[in-house]
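**Student:** Residue numbers (this note's numbering), protein chains in the order written: chain A, 1 to 300; chain B, 1 to 537.
Simulated from the structure, these hints should not be mistaken for lab results. All residues carry an ideal CB built from backbone N, CA and C; glycine is no exception. Any given hint might turn out to be false.
Stated by the list, open to error - Beyond 10 Å from chain A on every Cβ pair, some chain B residues (computed):
no., residue
1, Asp175
2, Val422
3, Arg477
What the hints assert, rightly or not - Examples of chain A residues toward chain B, derived with CB under 8 Å:
no., residue
4, Arg46
5, Lys47
6, Val49
7, Asp136
8, Lys143
9, Leu168
10, His239
11, Arg240
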Amino acid sequence: MTSPSHLDRLEAEAIGIIRETLATCERPVLLYSIGKDSSVLLHLARKAVHPGRLPFPLLHVDTLWEFQEMGRFRDDLSHKLGLDLIVHVNREGVAAGVNPIESGSRIHTDVMKTVALKQALDAGRYDAAFGGARRDEEKSRAKERVFSVRTRDHRWDPKSQRPEPWQLFNTLKKPGESFRVFPLSNWTELDVWAYIEREQIPVVPLYFAAERPVLWRDGTWIMRDDERMPLLPGEVVQHRMVRFRTLGCYPLTGAVESTATTVPEIIAEMRASRSSERQGRLIDFDSAGSMELKKQEGYF
Amino acid sequence: MGALAAETAAPLPAAANDAALAGRSLLRFITCGSVDDGKSTLLGRLLYEAGAIPDDVIASLEADSARIGRADRGIDYSLLLDGLQSEREQGITIDVAYRYFATQRRAFIVADTPGHEQYTRNMATGASTADLAIILIDAGKGVLPQTRRHALIAAFVGVRHLVVAINKIDLVGCDELRIRSLEAAFRTAIAGLAFDSITVIPLSARDGDNVASLSARTPWYDGPTLLGWLEVVGADTVSPTRGLVMPVQWVNRPDATFRGFSGTIAAGTVAPGDAVEILPSRRSARVTRIVTFDGDLPRAGAGTAVSLVLDREIDVSRGDVIVAPGKAEGSPLVRTSIEAKMLVTGQAALVPGATYLLRLGTASANATVETVVHGIDIATYAQRDRASVATNELAVLRLRLDRPLAVAPYATLPALGGFILVDKVTHETAAMGTVIAETTDSSRPRLHVVGRSLEQAMVRTYGGDWRRTLVPATTWRLGSALLLGVVVGVLTGHPGYAAAAAAADALARPLLRHLHRSLWGRWSRRRDPSVENGGGI
């Protein structure tokens, strides 16, 4: 037998984490953000339970400001695979008029993502939520456990995390407590793309370069996905070949100029690239350590 | 320059070819060091040299270096690693941070672990899955008590390769003699710990000497660079051929037509048609299918996540272990009592009588601490008598389980030898442990058995803390024998009689005493509980 490759080992580890959750938790849910990491996570979950169907639902927290293409991709995939998909919108936030343009990224993310997520988790009484977060994404995520305990209020306490020697997970919890489970903890962005290529996993076309209407704002290319985003004085919409490395709310997600239209081209571009994945995520730069604060409050 | 660098040093092959990403091997390693000896700086430097730090991160690093006020020292690579706000402000690492980078040859997962004694458990966690540990020594400070502690913890969790990075070599003028003497001091300090390789590399994390390219400041050094060594060190050594071991993680039963036992193969291989045994029940069955999403497999080996279908309806549940039949060398054993080396990770001390939830492989059981066999001083490695074991302390304990589990010595099969204890009330992870080989095992060296019996005899005669009792007892015995010799010498005027009388007194009295005790012991000795149990581990 040849020894398993790097990707085989990551795959087996992720499947093991998903099965561990199924064996030890009662009401798991998979947080599905439509992005590439979620797509890989969904694929691994299907592998873990094969030949059965997914014994848990998918949850998408819709901020109503994500790229339109994401919604279409989600609905097509859900239909094709026959998924049990829950789409949750924080209606109170909508009623209060929260949006990324006028409220700013911090309030919008808190109300429409973090608060919305907590509402949906409470409503479903889920005791384990799978997420596609990776430790290589951001500094505070590098400290995250695979089975991360959350309090009744979904708070994360980075200073009292359970040790996880030998990938042995302490899955005991008190009533009301829950876990965020991260099967992709040890994957890098490059691993994710290499795996998408190997397994031919479908992803949202926004990851591939195409000519898109963009404008230069806050040091990055922002795509004007619909008419809700007003132009500031001096801003001009141009058509440029761009792609996205991460996907979120369109006014808060920067694109990079690129000509990569296939997964191998993306991989080639990344290997030559000199900037990090979350550079396009404006919400990470609200203040130093801002991801850590968001995570403590319950953000993924 | 022979001794410095690896005993097993291999020449670095020329330019690596651009192997496909998927085919690269994986090395997991940890870095450990003390406060201020440059651990995070070294790791930051490694990432930088491997081209793993994007430009925008370097930009934010420059901003952070200036903000935290270390701008005079240029870019502070340590800020790359310390992820939590409190760590960045205090300039220390508290929790394990995982980092990922790759070169043309290898993908690396690095656990950057805290050096301070208070966070020993975090270091042990990071080390538990590592193939290699880098231990930093500050050339200006030399080998510290922490250095010994880090090496001991690495050995405890079974790290196979050790790299000793002698950092800040400019502080000793890159002097060969001084660096060699540091190496010698290190080797003496960790004598007794077993590693497959120990590689000593003199370097400067701040300036980059011998990190990715050999330094002109150490022309006498002929070993590999740190990065060069990490790329070639044998992490993926082939495990010995052995029978199948697969802990059942989850019973996959989507409907009445399918019942598969899912898990990751820990050792050996399996193929359809193979006879297997279920532990601990020892029921037999045959494998009919190896089911995966990508189709049934004709054969599967260690590290593969599969679902096995068996030919008959037998009771198999999570925590059971599917193994090749027979009791081959190294196959798991079914036990209700284990002896283990344990590190206390919780806030509360482990005390005899306390019961915890034990997680080993995929199994759970209630485990009660029977005895603390002995503590291990993490700075001196000396055995200590302990009534209980406190946070961050290491000890050998005996545990009694409330049901039989399939276990194996950690050194033989880590998947069934590593475990955690969970506090049943607070849910805190109280301890992590490694099962140690059965002391009654006949395959152990005879000398050890003799040593063990002697130890037990001493304990029976002088009690559990016989070492402490023995010193006054011995000096008393020798003193009284000498006195008798002197008296006989004075009375007879013959040195020969004097010596004979002293020797007879020194030897005969303990022998008679022991004989007397053992005769009484036959009447009253309680049977050893572990014997009744069929032998513990």
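**Student:** For every hint, state whether the structure bears it out.
**Tutor:** Going through the hints against the structure:
1. Asp175: holds (37 Å)
2. Val422: For valine 422 of chain B, whose nearest Cβ neighbour in chain A is about 5 Å away, the distance does not exceed 10 Å, so it is violated.
3. Arg477: holds (46 Å)
4. Arg46: Where the cut-off is 8 Å and the nearest Cβ of chain B is about 6 Å from arginine 46 of chain A, the hint holds.
5. Lys47: Holds, because the Cβ-Cβ distance from lysine 47 of chain A to chain B comes to roughly 4 Å (cut-off 8 Å).
6. Val49: holds (7 Å)
7. Asp136: Where the cut-off is 8 Å and the nearest Cβ of chain B is about 5 Å from aspartate 136 of chain A, the hint holds.
8. Lys143: Holds, because the Cβ-Cβ distance from lysine 143 of chain A to chain B comes to roughly 5 Å (cut-off 8 Å).
9. Leu168: At about 5 Å, which falls below the 8 Å cut-off, the nearest Cβ of chain B leaves the hint on leucine 168 of chain A intact, so it holds.
10. His239: violated (25 Å)
11. Arg240: For arginine 240 of chain A, the interface hint is violated, since the closest Cβ of chain B sits about 20 Å away, which is over 8 Å.
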